[in-house]
Amino acid sequence: KNQVEQSPQSLIILEGKNCTLQCNYTVSPFSNLRWYKQDTGRGPVSLTIMTFSENTKSNGRYTATLDADTKQSSLHITASQLSDSASYICVVSAGGGGFKTIFGAGTRLFVKA
Amino acid sequence: EAQVTQNPRYLITVTGKKLTVTCSQNMNHEYMSWYRQDPGLGLRQIYYSMNVEVTDKGDVPEGYKVSRKEKRNFPLILESPSPNQTSLYFCASRTGLISYEQYFGPGTRLTVT
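Listed in order, the protein sequences are those of chains C and H.
Quick note: the first sequence uses my numbering, first residue 820, plus one each step.
Quick note: the second sequence uses my numbering, first residue 1306, plus one each step.
Read the hints as simulated data drawn from the structure, not as lab findings.
These numbers come from a predicted model, not from an experiment.
Be careful, since some hints might not be right.
[As the list claims (entries may be wrong)] Only pairs whose alpha carbons sit at most 20 Å apart, straight line, appear in this in silico EDC-like list of lysine to aspartate or glutamate:
1) C:Lys876 <-> C:Asp888
2) C:Lys876 <-> H:Glu1406
3) C:Lys919 <-> H:Glu1367
4) C:Lys919 <-> H:Glu1335
5) C:Lys919 <-> H:Glu1406
6) C:Lys919 <-> H:Asp1364
7) C:Lys919 <-> H:Asp1361
8) C:Lys919 <-> H:Asp1343
9) H:Lys1322 <-> H:Glu1384
10) C:Lys820 <-> H:Asp1364
Bound-form chain C, shown alone (with noise of 0.2 Å):
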């Protein structure tokens, strides 16, 4: 079954402190994986996005990681601000026009000044 796991579930941090989000996956066959990042009430915005070649992908504070052996992305962001404060989605594309798009439920992260 395609699943897309994501932790910690929730997470609160102090702002200028580094965190690090975690998604693991099993979807196949594997297309891409992208993070978006979902303020509250609001559509999703894509951070990153990373086909099975790529291992790293970075957008400004945001570095993605993706290790397509283990099947695991990592989602670390550099120097918090409280405009980081939502929730963060991994998302993985399966089969060759990505159509299928699985969804983890996010982590909430929480940046407290």
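We have chain C; now place chain H onto it with these hints.
Same frame as chain C, but now just chain H:
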């Protein structure tokens, strides 16, 4: 401005009363999808469309219909809504097949009493 719009943003209705949620994109994307998001669960795909007059079921299509008569519009139809369809709905469109960018609408919060 490139965007995906949905209407209405909020809707409270009663069981059995047919409703339509509209979705429109101005980016000339061929691929569009509908998702629902429930607490503790990841977004789940309801239906997707690869082009005009081409639609297919996602993971949770029961109780929903869609149509794609024009490239820009992809309405979601609930012929006889039930309380278990109370959810937050997102429409999305994407640029292509593999390394695509997917854009989400702002969401429609539906309550069925």
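Status of the hints after comparison with the structure:
1. Only pairs whose Cα atoms come within 20 Å are accepted, and Lys876 of chain C paired with Asp888 of chain C is accepted, the gap being roughly 17 Å.
2. About 15 Å separates the Cα atoms of Lys876 of chain C and Glu1406 of chain H, which keeps this hinted pair within 20 Å; it holds.
3. Note on Lys919 of chain C and Glu1367 of chain H: the hinted pairing holds, with a Cα-Cα distance of about 17 Å set against a maximum of 20 Å.
4. With a C-alpha separation of about 16 Å, the suggested pair Lys919 of chain C and Glu1335 of chain H falls inside the 20 Å cut-off, and the hint holds.
5. Note on Lys919 of chain C and Glu1406 of chain H: the hinted pairing holds, with a Cα-Cα distance of about 15 Å set against a maximum of 20 Å.
6. About 9 Å separates the Cα atoms of Lys919 of chain C and Asp1364 of chain H, which keeps this hinted pair within 20 Å; it holds.
7. Note on Lys919 of chain C and Asp1361 of chain H: the hinted pairing holds, with a Cα-Cα distance of about 11 Å set against a maximum of 20 Å.
8. Annotation: proposed proximity of Lys919 of chain C to Asp1343 of chain H holds, straight-line Cα distance about 19 Å (limit 20 Å).
9. For the hint linking Lys1322 of chain H to Glu1384 of chain H, the alpha-carbon distance of about 7 Å falls within 20 Å, and the restraint holds.
10. Using a Cα cut-off of 20 Å, the hinted pair Lys820 of chain C and Asp1364 of chain H holds, with the two alpha carbons roughly 12 Å apart.
Hint compliance for this structure: every hint is met.
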